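S.K.: Line by line, the protein sequences give chains U and Z.
If you count the first sequence from 1, position 420 lands on 419 in numbering that gives the first Met the number 0, and the numbers rise without skipping.
If you count the second sequence from 1, position 363 lands on 362 in numbering that gives the first Met the number 0, and the numbers rise without skipping.
Worth flagging that the hints you see were computed from the coordinates, not collected in a lab.
None of the values given here were measured: they were computed from a predicted structure.
A portion of the hints provided could be inaccurate.
Only pairs whose alpha carbons sit at most 25 Å apart, straight line, appear in this in silico BS3-like list of lysine-lysine [to be verified]:
| no. | chain 1 | residue 1 | chain 2 | residue 2 |
| --- | --- | --- | --- | --- |
| 1 | U | K218 | U | K193 |
| 2 | Z | K352 | U | K282 |
| 3 | U | K331 | Z | K352 |
Sample of chain U residues at the chain Z side, in silico, Cβ under 8 Å [to be verified]:
| no. | residue |
| --- | --- |
| 4 | N30 |
| 5 | T46 |
| 6 | V241 |
| 7 | I244 |
| 8 | F247 |
| 9 | M264 |
| 10 | M265 |
| 11 | P369 |
| 12 | L371 |
| 13 | I395 |
| 14 | Q396 |
| 15 | I419 |
| 16 | T421 |
| 17 | V428 |
| 18 | I432 |
For glycine and all other residues, C-beta sits at the position ideal for the given N, C-alpha and C.
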Amino acid sequence: MTAYVIRRILYALPIVIGVNLITFALFFFVNTPDDMARAHLGAKRVTEEQISRWKRERGYQFPYFYNDGWSETEVRQVSGGDVSLRMPTQRAGEYRLRIEVPSPDKGTLDVEIAAGETARLLLPDGPGRGRVRIDLADPDRKAILFRLESTEGEYHALELSFRPSEAAPLAVVRLYLKEDLSFTERFTETIFWKKSVRLLFFRFGTSDDGRNIGEEIRKRIKPSLAVTLPIFLIGLAVNITVAGILAFYRGTYLDFWGVVTCVVMMSVSILFYVIGGQWLLGKILRLVPVSGYDTGLYAAKFVLLPVVIGIIGGIGNGVRWYRTIYLEEMGKDYVRTARAKGLPESVVLYKHTLKNAMIPILTGVVVTIPFLFIGSLVLESFFAIPGMGSFTLEAIQRQDFAIVQAMVFLGSVLYIAGLIMTDISYTLVDPRIRLE
Amino acid sequence: MIRLTLDSFRLVLLPTDLLLFLLLFATIGFLLYARRREYYRVAWRQIVARPLAMICMGICLLYASVALLDSVRFQQRATALDGTQQTTDKGNAVYRPEVLTLLDVLCSGLRERTETTFSAPFASHQFTKETMERADGRTIRGYPKLKYGGAPLANAEEKWRQVGRIALRGLMHGIAVGGMLIVLAIGFFVARRRVSQNAKPEEPVGSGLRVGGFLAALAVLAGVLVSLSAEYHVLGTDQVGQDVLYRSLKGCRVGLVVGTLTTLIATPLAILFGIMAGYFGGRIDDIIQYLYTTLDSIPSILLIAAAMLIVTTRVEVQQAAVASDTRLLWLCVVLGIGSWTGLCRLLRGETLKVRENEYVEAAEAFGVSRVEIMFRHLLPNVMHIVLISIILRFSGLVLAEAVLAYVGIGVDPSMESWGNMINAARLDISRDPIVWWNLLAAFVFMFGLVLPANIFGDAVRDALDPRLKTE
């Protein structure tokens, strides 16, 4: 069995990696870090400087897969006629200067580069004040390369001035510094490694607003379980019992109206149960607080209403499903034999049939167990329970991609864990099944 | 967006409208195809034998026709003050910026009679107090009279008597129309009996009475509703004074689009991949299984959240109607990815069974190409699974729309949908006294679609697949 579990986990690896790639593609290719920054900072009137700062603060400034060592140190957005920029704290090293103009423009741009007193500027053309003329009509113009050598101190000032020949274009100036990276660093200093591969080792990193996601998850699992675990256990017991009763009285009016009730309950939105329950039990009858949460045993009174609503919301579907399973089993030969032996119908139902119905029941049930940790998005947010569901929901509403990505990944890992648990659970109820 | 210019107005076709009409034609096409197949005819006879299922189908069709009416949209030609039609300097026609649908035109009374703010159902006075100036110049705080609701009312005590009178009048109109409908329906069935060669066992007068009776019941209901809503706000008004009945009717479209287009988008992929995996087996099977297991393992609500976040950040500055429509379409696509995997898995399993049949072997022996075998021999024999899954998924999707709107990843907040109504009404119910009609209207309209869809879906499943039978 251990060997089987290990093999299943190995089988699951490609799936986990696949999920990782999908989320990476979704979060960074379809929606680039620039888009994220724009969404956060407001789509209009956002400057390239702000975007660059936003990305650097959250660690999105790296390239996707391979870091060739050129890292962005300064981004400036310039407009107007003659402009001079001062960049006070630059290190010594090799630099690359790129000037982006919205569309291939006419005219030329004179760029003058000068170093402060503490450093010497080396241009490919020669020493001293560097003056470069750029043809704006050339769509694939080359970047300007130069070198800054230290004469004293660590940080140096760099001065750039631009003189466009005609009407001034709006341009973005990007300054890159060449960094020495080791072979492994070239792959680890990337978005893919820092934001996606790390998830594989359950290191969730920090959210876009600087919180530690892993810690946040540990803190929030307990309130989530306080709601989902009772819903799961009590709901399962209620559903199986009620379905058993309906199957016991199959064909009678009780069964008919029971199924009708189930269909009606299925057709009501969960939001109706939530709002109705809050209004009736919380506001009118004042039995339980409308929403909120408390630590320790005090949580019970806050958890009661969401649990009741969670169970009621699941009854319609659940009872119908278990009833089907019961009825399927009841047509089989061993049931007829048990009846022929003179066993009472209740023993046949809850001992013989239920035991044999365990396989389909487990197939549907065990896989949901890991999701109890994820919590319920709707219930938690309506009842202000500080669990995983409300955490995810807040992240969605604040557009915090780091958290949503972590949750997507966590959710899929839990699903796979659920599948493996399902297989193992089969061996517990059916001695004929052996995992090898 | 497609624009079709006619003389005094021009048709506007948004992407979801286009898909909705495509779906309508596809459905009609399928019905024409199924009419000639014994398998589907037997199933249809089984469904017809269940009156409850037929009533539910009727109700679903009613919702569908409201949604379709709400999908035919057009802009009217702008007219100048002197009544002539405006043109630009170059002689091109100028159209009004507002895009109306046929439903808007049919309910123009409901749409235009807006109050200033909340009013309860059948109210003649506003729900909230306001400072008013009386005729003698003094100002008092009180409930101002509504502009339209209960307008012809002289004194408040008369209200319910008048409501009863109007309802009775509507009832009479409804009964008159309904009676005609019954006669027409009987006439139709008798005529069909005469025309068609293969005589059906059922009695034409009886089925005419049943269909006509259903239509007559609808006509009576519509009669009462129409005549009442001419004088009152039957379901009250919302915060900005819009009629809640009108908003609920407008919500039908989004519910139906989400319920149907989602499966329309997902189904072709699921069919192709499911049958391919089942028929070819081997490496292709492995790849497809890997694909759907991976997609399946992402919790659907999170996948939807992630995808919708991305749409939100990427929707460019467009016309508001187009932007919200794009968002709706995206929602359908994303929801479709979630429902894709389940159907694909079912189809793979069924194809594995079907491909062992002798007729597939025979076709292979005759050298029929594999593509042809897939679509001519395998697809028709797994089609019932596709149908069942489409119909059973519908109600869940309609309910999901509301939850997603609440979570903030549903359709655009400016779009009329039941989810948005519920979402907006959340704050209303915490007012004192409680404003309940908004919320209840959305829930009742949603329930009114989902319950019949569930019952009809069960009937279709029982008829098409006896093995899955639950009752």
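S.K.: Enumerate the violated hints, using their earlier numbering and listing them in ascending order.
M.R.: Hint check: 2, 5, 6, 7, 8, 9, 11, 12, 15, 16, 17 and 18 fail, others pass.
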